[in-house]
Amino acid sequence: MRTRTASEARSCSRATDHAGGPASAAIARGVLDYARPAGRQFFSAIVIAALAIVFARPAAAQTIALDGNRPAALAAALTARADASAPLTVRVTFALRNRSALVRLLAEQQNPASPHYHRWLTPAAFAARFGRTPAEISAVSAWLNTEGFQIVSASAQEITSHAAVADVESAFATTIGASPDGTLYALQSDPQIPNRFVGLIASIEGLDNLRRSTPLTIRPGRSSRVTQAAPAANFPAPGAARISPGAPRDAGPVNARGAQGRIELASVTNYNGGQGLAFGPHDLWTFYDETPLLVAGTNGGSGDCVAVIEDTDYLSSAVTLFDTNFSLPAASVTRIMADGSNPGRTGDETEALLDIEWAHAVAPGAAVNVYIGNSAAATIDPLVDALARAVKDNSCGAISVSYGFCGASNSFYNSTLDSIFVQAAAQGQSIFISSGDQGAAGLVLNGAGTACVVGTTANVNEMAADPNVTGVGGTQFTPDFDSSGNDLGSTAESVWDDGSGASGGGKSAIFRKPTYQNAVTPADGARDLPDVAMGASPNSPGFYWGDDASGTAVMKCCIGGTSIAAPMWAGVAKLVAQSGGGRVGNLDQRIYQLGALGNASLSGLRDVTSGNNTFNRVTGFSAINGYDQSTGWGSADMANFVAAYPVSSSTPTPTPSATATATATPTPTTTPTRTPSPTPTPTRTPTPTPTPTHTPTPTATPTITPTPTPSPSSTPTPTPTPTPTSGPANATPRTIFFSRHKIGTLSLARMVAIANPLKNKAPLIIGSLSLSSGEFVIDPTRTTCVSGLNVPRGKRCHIGVKFAPTQTGALSGALTIFDNSSNGPHLVQLQGIGK
Numbered sequence: 001m002r003t004r005t006a007s008e009a010r011s012c013s014r015a016t017d018h019a020g021g022p023a024s025a026a027i028a029r030g031v032l033d034y035a036r037p038a039g040r041q042f043f044s045a046i047v048i049a050a051l052a053i054v055f056a057r058p059a060a061a062q063t064i065a066l067d068g069n070r071p072a073a074l075a076a077a078l079t080a081r082a083d084a085s086a087p088l089t090v091r092v093t094f095a096l097r098n099r100s101a102l103v104r105l106l107a108e109q110q111n112p113a114s115p116h117y118h119r120w121l122t123p124a125a126f127a128a129r130f131g132r133t134p135a136e137i138s139a140v141s142a143w144l145n146t147e148g149f150q151i152v153s154a155s156a157q158e159i160t161s162h163a164a165v166a167d168v169e170s171a172f173a174t175t176i177g178a179s180p181d182g183t184l185y186a187l188q189s190d191p192q193i194p195n196r197f198v199g200l201i202a203s204i205e206g207l208d209n210l211r212r213s214t215p216l217t218i219r220p221g222r223s224s225r226v227t228q229a230a231p232a233a234n235f236p237a238p239g240a241a242r243i244s245p246g247a248p249r250d251a252g253p254v255n256a257r258g259a260q261g262r263i264e265l266a267s268v269t270n271y272n273g274g275q276g277l278a279f280g281p282h283d284l285w286t287f288y289d290e291t292p293l294l295v296a297g298t299n300g301g302s303g304d305c306v307a308v309i310e311d312t313d314y315l316s317s318a319v320t321l322f323d324t325n326f327s328l329p330a331a332s333v334t335r336i337m338a339d340g341s342n343p344g345r346t347g348d349e350t351e352a353l354l355d356i357e358w359a360h361a362v363a364p365g366a367a368v369n370v371y372i373g374n375s376a377a378a379t380i381d382p383l384v385d386a387l388a389r390a391v392k393d394n395s396c397g398a399i400s401v402s403y404g405f406c407g408a409s410n411s412f413y414n415s416t417l418d419s420i421f422v423q424a425a426a427q428g429q430s431i432f433i434s435s436g437d438q439g440a441a442g443l444v445l446n447g448a449g450t451a452c453v454v455g456t457t458a459n460v461n462e463m464a465a466d467p468n469v470t471g472v473g474g475t476q477f478t479p480d481f482d483s484s485g486n487d488l489g490s491t492a493e494s495v496w497d498d499g500s501g502a503s504g505g506g507k508s509a510i511f512r513k514p515t516y517q518n519a520v521t522p523a524d525g526a527r528d529l530p531d532v533a534m535g536a537s538p539n540s541p542g543f544y545w546g547d548d549a550s551g552t553a554v555m556k557c558c559i560g561g562t563s564i565a566a567p568m569w570a571g572v573a574k575l576v577a578q579s580g581g582g583r584v585g586n587l588d589q590r591i592y593q594l595g596a597l598g599n600a601s602l603s604g605l606r607d608v609t610s611g612n613n614t615f616n617r618v619t620g621f622s623a624i625n626g627y628d629q630s631t632g633w634g635s636a637d638m639a640n641f642v643a644a645y646p647v648s649s650s651t652p653t654p655t656p657s658a659t660a661t662a663t664a665t666p667t668p669t670t671t672p673t674r675t676p677s678p679t680p681t682p683t684r685t686p687t688p689t690p691t692p693t694h695t696p697t698p699t700a701t702p703t704i705t706p707t708p709t710p711s712p713s714s715t716p717t718p719t720p721t722p723t724p725t726s727g728p729a730n731a732t733p734r735t736i737f738f739s740r741h742k743i744g745t746l747s748l749a750r751m752v753a754i755a756n757p758l759k760n761k762a763p764l765i766i767g768s769l770s771l772s773s774g775e776f777v778i779d780p781t782r783t784t785c786v787s788g789l790n791v792p793r794g795k796r797c798h799i800g801v802k803f804a805p806t807q808t809g810a811l812s813g814a815l816t817i818f819d820n821s822s823n824g825p826h827l828v829q830l831q832g833i834g835k
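Residues 1 to 835 in my numbering are what the sequence shown spells out, letter by letter.
In short, the hints are calculated from the structure, not lab data.
Possibly wrong hints are sitting among the right ones.
Claimed, not checked - Here are the computed distance ranges between Cβ atoms for each label pair:
id: 1; residue 1: Pro115; residue 2: Leu597; range: 25 to 31 Å
id: 2; residue 1: Ala377; residue 2: Thr491; range: 46 to 52 Å
id: 3; residue 1: Ala549; residue 2: Pro134; range: 50 to 56 Å
id: 4; residue 1: Ile624; residue 2: Ala139; range: 47 to 53 Å
id: 5; residue 1: Gln829; residue 2: Gly794; range: 24 to 30 Å
id: 6; residue 1: Arg129; residue 2: Ala377; range: 28 to 34 Å
id: 7; residue 1: Leu602; residue 2: Thr89; range: 47 to 53 Å
id: 8; residue 1: Thr735; residue 2: Ser622; range: 41 to 47 Å
By construction, the Cβ of each residue, glycine as well, lies at the ideal position given by its N, Cα and C atoms.
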């Protein structure tokens, strides 16, 4: 005869406790059928099992509750009891060790004056310094084993196990309620843990199934999307034009250009939203001032990849179609199955395609890794598994998340997710999360516990409120198109709030205000969001994307949501990383420093000062000068933002672990073409003048040649100012800080732009360039502002400057730009530290 274990006895006890529940009789029968001793043997077994429970369980005084580990929504309404024998997957997340040291390290990694500036950790180094010790892991594992849990995996950061409901209730001294039909379950009180594990166990996941997620993608409420489209294989070649079946005969061209000129895409109808045509990648480049970067070769192509977090597979040919239509280089896309298996297309594939396509549009030279979780195989949640895998792999320096959660416990955000986010920050990974599409109302769990719905009180996307990530809100604007549908430049943006949705923002109910928000955000004691914003309205202007129509790749218009803004900012991070020489980590500290300057030319942040995010009758927050809780510090002037970011030290990016891409499945329809990185097709037809804005390759050959030794790169005597005199010109940035660099070596080039505003009446003519210190040199390969260059109205040229220290300590100099502008010459301060 087999004697029952304490776990089996507890199952019997719990089945009795669940009397009246639908599972109680079945559980009791199952236990009795399992071992049916007779008479005194049966009585003795029960007594022994009961004593085992008494002595195995710690007394009430020896335990403590883990606050915030149960969802508040609906838990009290679950009046039935969960099936005692139902299996659960339980993940115990450890509190990080040496947390104060970690906080100091994160600050130093973002301080250019620190020797730890941009010196990122590997996953192994992070686990060794801040994960739990082997002895601590063993102690918790042993306790779970004695409580009937089966350990699946254990690491310095978490333990995953399987256990029955009865074992969970007994171990954590709580009960799990259920809906009458048994489909929903949740804790009725916070779990209890032994006192000896206080400060060791931070949260416990898997004890409820009320958490829901949703992609933050919005389409217009009216019928403005194309329902008929040609398959990718039959799409017209560049320069061709035809009308597809079902499209109106007067369908106009979209604003996409190919190598042979503008493409008239019949598979996308003219978007008549009252604002003209919608936005393609080239329009974005013009509007957000990315074209100068692409012209100079800054396209995100050097270094690592952008990761997008998904819970679905996607149609590869839709990505190819998007790239072809907008003359982008073929995206190098890799699938990574976070849970070991492919979930297939689950209904969220539009989100996945949007993330891939627009991250690629902003950083067309960067590879994209798609981390896909599978709800059928996930340990806790497919999105969390995908996110954790992206951080564990450490392959991509920028990560985009375009989903929101509802119905989750506080500990899910401030422990389970935060432990992932803080590790990413220490590894130099920049995470961008959509702030939400429901304005100040946010998302809440519906009364049935089945879906996220718009709130009726103030709520924020708490995942985007984590201090270790950048929360991204949304804007709307009326573009200025030419007669061919090309965007002509930036216009004033306002808070996205057009009836279809609104920019999420407000104050966190979970996270306290981080130091970088002190004195520049509302004095509410809470983490405020968003941090930044980008275009998100599906109406003004609306964005094109390649979609999946029942297995056929189609081009559609129009879409929006903060889910498109997050991958755009992830692309921006790749541009910064390429320009600065390596990963940049959590951008928040630098964003708040730049935003406080209050000058878009110096900071690269365009303040949004009109509109609000009131939504669903929940009063929101108005845009004001400076920071606000609807668009943060505003959107990006990409060229200026990249120029304003300090360069990295010479420390290389950590090498990913050997298992980082072990299960990656390359997208079958794409061929990686990262080296050399193709340069995107320019926005508009080039003018005869040698202006780099119009063509992917600078047409003017620099004539400035630095001497082999660090010395001034041009004639000390300034060239006389050419005539006729132009109006005032803009030179940005005004100051460049190169951080620490070794003596006798050259840093990567930092870019200075000199722009001739559109309002000027005459062209800007470049005279000469002068450096005041031999510690800096001009890079002729990155310089287009050459003597005699004629810069047309509304255009700019660039100067590449490198740091070449010959001594240790703080070094400074100045770059002087002579031209025919009314406010010239222009002075750019240069600073660096020799080591």
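How the hints compare with the structure:
no.	hint	verdict
1	Pro115 x Leu597: 25 to 31 Å	holds, 26 Å
2	Ala377 x Thr491: 46 to 52 Å	holds, 47 Å
3	Ala549 x Pro134: 50 to 56 Å	holds, 53 Å
4	Ile624 x Ala139: 47 to 53 Å	holds, 52 Å
5	Gln829 x Gly794: 24 to 30 Å	holds, 27 Å
6	Arg129 x Ala377: 28 to 34 Å	holds, 31 Å
7	Leu602 x Thr89: 47 to 53 Å	holds, 51 Å
8	Thr735 x Ser622: 41 to 47 Å	violated, 32 Å
Against the hints set out earlier in the document, a violation occurs for number 8 only.
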